[in-house]
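S.K.: Residue numbers (this note's numbering), protein chains in the order written: chain S, 1 to 266; chain G, 1001 to 1339.
Hints were generated in silico from the structure; no laboratory data involved.
Built from N, CA and C at the ideal position, the CB exists for glycine as well.
Possibly wrong hints are sitting among the right ones.
Stated by the list, open to error - Cβ-Cβ distance ranges computed for the label pairs, FRET-style:
hint : chain 1 : residue 1 : chain 2 : residue 2 : range
1    : S       : I123      : G       : E1044     : 58 to 66 Å
2    : S       : C130      : G       : K1092     : 26 to 34 Å
3    : G       : K1092     : S       : L260      : 33 to 41 Å
4    : S       : D22       : G       : K1092     : 35 to 43 Å
5    : S       : W176      : G       : K1202     : 47 to 55 Å
6    : G       : D1143     : S       : C130      : 50 to 58 Å
7    : G       : D1011     : S       : L149      : 27 to 35 Å
8    : G       : H1213     : S       : L149      : 40 to 48 Å
9    : G       : D1143     : S       : T17       : 44 to 52 Å
10   : G       : D1216     : S       : S33       : 50 to 58 Å
11   : G       : H1007     : S       : Q103      : 31 to 39 Å
12   : G       : N1125     : S       : L23       : 25 to 33 Å
13   : G       : D1216     : S       : W176      : 36 to 44 Å
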Amino acid sequence: MLKKYWALSRIVLKNNTVYQLDLLARIVTTLVSVFALRQVWTALFTQSASSGTIGMSLDLMLTYATISMILQAFYGPTIVWEISQKIMDGNIVQDFQRPWDFQTSILFRALGKIFAGVITVVIPIAVVTCLFFPIQLPTSIVTWMTFLLSILIGIMINFSLQFFVGLLSFVFVEVWGFEIVLGLVIAFFSGKIIPIAMYPEFLQNLIHLLPFRGLFDIPLSIFVGTVAPAQYLDLLIFQGIWAVILMLIVRVMIRYFQRLLVVAGG
Amino acid sequence: MIIQAKHLTRDFKIYKARSSFHMLNQILRRKGEIKRVVDGVDLEIQEGEFVGYLGPNDAGKSTTIKMLSGVLQPTLGEISVLGLNPSKDRKKYAQQIGVLYGQRTQLWWDLPLRDSFDLLKAIYNIPQTDFTKRLHRFIELLDMHEFINQPVRQLSLGQRMKGEMVAALIHNPRILFLDEPTIGLDVLAKDRIQEFLAYINKEEKVTVMLTSHNMDDVERLCKRIILIDQGKVKFDGAKDALRDLVKQSKLLILEVAAGDMKLNHPLPYAPIKEEGNRLFFEVADDAEVSQIIAASAQSYSILKVDIEEPKIDSVLKELYLSKNYQAAPRRMVIEPINP
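Looking at chain G on its own, in the form it has when it is part of the complex (with noise of 0.2 Å):
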């Protein structure tokens, strides 16, 4: 076990008026309203899993990921990561992580970026054969040859994200914190990063948590989800066991000869929406595919067969919405009409 926390909870004190007084009533231990930012998260996560730590905003992720790495104590629970406590060997366990937030940047922007990374290699303490060997590696994996010597201030947004990756790798963590590391970057940079994020977790048995509002990151690197709200965990597990939480089904879109539509057949299985010369069919089981296909082909000349996976982005999207983290039942099968 890499990461384990055991009801980790931490709580804000909220003053109405958010004035600069707002630090200066939190001293002077005014009363104020508490909030429960992260309420009761356990957590267990082995070493070398990928997880994707979501949530709505506000929901308590990066509060969390402050907790994991060290910054903020929380009020309660007990964390241990790497068999270190996190706040209490803040020095000895930085040494061993590494973290990237999206948002903020850890690179010196007047100067070239190389210069950033020798800082870290004297702040990490790493041998220099280990330092040159690595960020070779990583110059080589992020395409950065172009830009490595330029100031980081002339960078575009994706070679700077580069950049980060490497500022938050370098001294060889073996555990990786990302908040948000795709925001904001184009399909190709995007691209180029998922791989190597891929790589890192693969080859460098790098641990990594993930948080993004991107789930295209999700989709392809996560295979383990954490799904945090309103500071608690409403679900953990296997990416495709998400999918079953919400009532999405595959949907097995059937394109027809358009003269067909207008005969207008009876279908044995009936079609939850027509659109133009489509139909679109509700799929509960694989099984069910070749026999809607097979059953239409009676009926239509079908032109073409789409399936399509529900998106991780609409099963969060009714989560959120819905609140409701229950597994759903799953859809009853539609009897054929004419068996």
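Chain S with its partners taken away, still in its complex shape (with noise of 0.2 Å):
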């Protein structure tokens, strides 16, 4: 059934990794990165008297840190470009042509890019942080299977968001200017770059409405284990109601916008 999805994947994938040195470019950014982030987060520990009011030691945000960059793996590769491109340039009329479903095949072309991103970003920073930089790892199994599954959840979330961009295409045929946008979004309100517990309560209460913690903020806090195992269930429906509702979100657009098609080009 969905063979001809994971053969997407994977041409996807060889797509990703067809340029060996751009490979080896990415993998060394992202070890210096790793290295970076570290520093900064030692030195601003180290040298500010209020590393206990946040409730994190040096060590716990060192792990959220590495694992943040671990995730922005599944996240970061777009698909942005690509489907606002296929709609300015038209060639969306081929994908509406094949014998599958659309949302469903851009979702495995997202995968086959992510897998892209697990050589290139998960692989060396596993290796690099066991070798040299020790984090904190779960010894729970439980935890274990539930942060990798919240972040297959996290995965169809940052997927519909991105698509959601990418369709607007339609309306503004330009939307390189949204997915800047989006990417602010996260970045701020999902706690990739900073733990949401450091806001005020006031946008702590608001960031625990919307999806974008279930990009990084949920699956960081099971991993760095400040949710306990009792809370775990309710992390992810939270995050599964907004997967399902942003994908019919998603699916009701392509509907919408199938039907009033102008294709580029004549």
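Each chain sits in its own coordinate frame; assemble them with the hints.
M.R.: Structure, rendered in structure tokens:
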């Protein structure tokens, strides 16, 4: 059933790793970033007396930052450009002409890119971290499983958000600006850079309602152990509800635009 | 009947300022000018036909193809292709048709050509043995051995188009829609692709619908022509019948000895023009040819005889310009001056 989609993921993975020097450059960039990020947090924690007030030790913070970088590999690869490009140059007709579900095909395209990210980001960080920068790993199997499931749902949420922005291309043609906005909103409201616990309370209340924390805050909290196992189910349900809502919104949008479809190039 | 369309119509809303808010206007249902791009087109195509779907730019050709291929929903009218409704049974339908847009690519730019076909194998669920057999045959027919393992970005336009051709046909579709398949190709590549298309149509019984501005394709491949302009079908019939729409007739060209021209004998038939020592005669029917030659031979010593058929090219040019698609009466046969 999913064979055709997996074949698509595979070819995207291949397409994304075909240039070996580029691959190497991406791996090096990743490693440098991990090193830099650790230095920044170490400096912040050792230079200021406030470290205690957020309830996180330096070790915990370094774990948080490293895992956040790994998560970035799952959410970073963008499909916005590809979707908007397809819409702008009209090549989207070819995707509509395949015997597949359009939304699912784009999802598996995204997964292909994510697999490429696993090679260029996840594995290098995991290796280097284990060898040189020890972090606190969860010991419970349940935590690990919940963490992985939570990433999976996070990927769905992120995918839908990007898809939404990409589809706006039908309306506004150029959506690069929207993509930047989405990137900033995610960076700010998801706990990607700064743990949500450090935000003022009114913002925390807002963030707890929005889907963005499903990307970073939830999987990270599970991983570093700032939430108790008793809360796992609630968090996964929260993520799941948002994932379903967003996927449905995108689905309705595709339907709508497909009906209106005006394809560039006559 | 493999393709049947009844009163196929498609409107687009046009807004005066085509800004980036174009679609926003559409969504907010603001008033705009409605342009009927395809206007009540009726089509009936039998299995195994090779149909040229022609018309000037903006005539509604691509829009029709998009409706027939299930991407675009018609505003009005009905389509039934292979007994299916293209936009409603999209997935099932897509499995059975091939579409090729000469100006788009479905190949993976950075990967070897072969990889693109492997992906299609999975997408269309083609059994391995069928796939290998077909691919081998296509590689043979299109002479693709050399570049099948090269990244697509390194291919020439002609090589790439061969690849596109295989990509459109690898899943053994019953119908092939071609939108300008030979655009920008050199003579050799064009020839190879035309040959291939003729083979596919004849041997594999694939029904082909072709739009092209390359009249070469049409002359060589299409037996039937459907001509549309301003969204309406203006002509539907055999290629030869299209020629009858315009007044152009065959030309008989006689090259005569240079000395004879100066004598300027009165001719029994009037040439429509003279160029150097060449005389041009319009010929209404083939019987006239021998009469003209015989009559001219009395006044001239004939060196060379040529007959020029009116080209589809010039027939279409005249039609597009005049917009007069009613069958024109034949030119009156000029009676010989001296019987």
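S.K.: With reference to the structure, classify each hint as holding or not holding.
M.R.: Consistency of the hints with the structure:
The beta-carbon spacing between S:I123 and G:E1044, approximately 59 Å, falls within the hinted interval of 58 to 66 Å. Between S:C130 and G:K1092 the Cβ separation comes to about 50 Å, which falls outside the hinted range of 26 to 34 Å. Checked against the hint of 33 to 41 Å, the pair G:K1092 and S:L260 fails, with Cβ atoms roughly 23 Å apart. About 40 Å separates the C-beta atoms of S:D22 and G:K1092, a value consistent with the hinted range of 35 to 43 Å.
Distance hint for S:W176 and G:K1202: a CB-CB separation of about 49 Å, consistent with the stated range 47 to 55 Å. Evaluation of the 50 to 58 Å hint for G:D1143 and S:C130 yields a pass: the beta carbon distance comes to about 53 Å. About 48 Å separates the C-beta atoms of G:D1011 and S:L149, a value inconsistent with the hinted range of 27 to 35 Å. Checked against the hint of 40 to 48 Å, the pair G:H1213 and S:L149 fails, with Cβ atoms roughly 55 Å apart.
One distance hint, 44 to 52 Å for the beta-carbon pair G:D1143 and S:T17, is violated here, with the actual separation near 31 Å. Checked against the hint of 50 to 58 Å, the C-beta distance between G:D1216 and S:S33 comes to roughly 57 Å, which is consistent with it. Distance hint check: the CB atoms of G:H1007 and S:Q103 are about 33 Å apart, consistent with the given range 31 to 39 Å. Taken as a hint, the range 25 to 33 Å holds for the pair G:N1125 and S:L23, whose Cβ atoms sit roughly 32 Å apart.
A hinted range of 36 to 44 Å for the beta carbons of G:D1216 and S:W176 is consistent with their spacing of about 42 Å.
The structure does not agree with the numbered hints 2, 3, 7, 8 and 9 stated previously, though it agrees with the rest.
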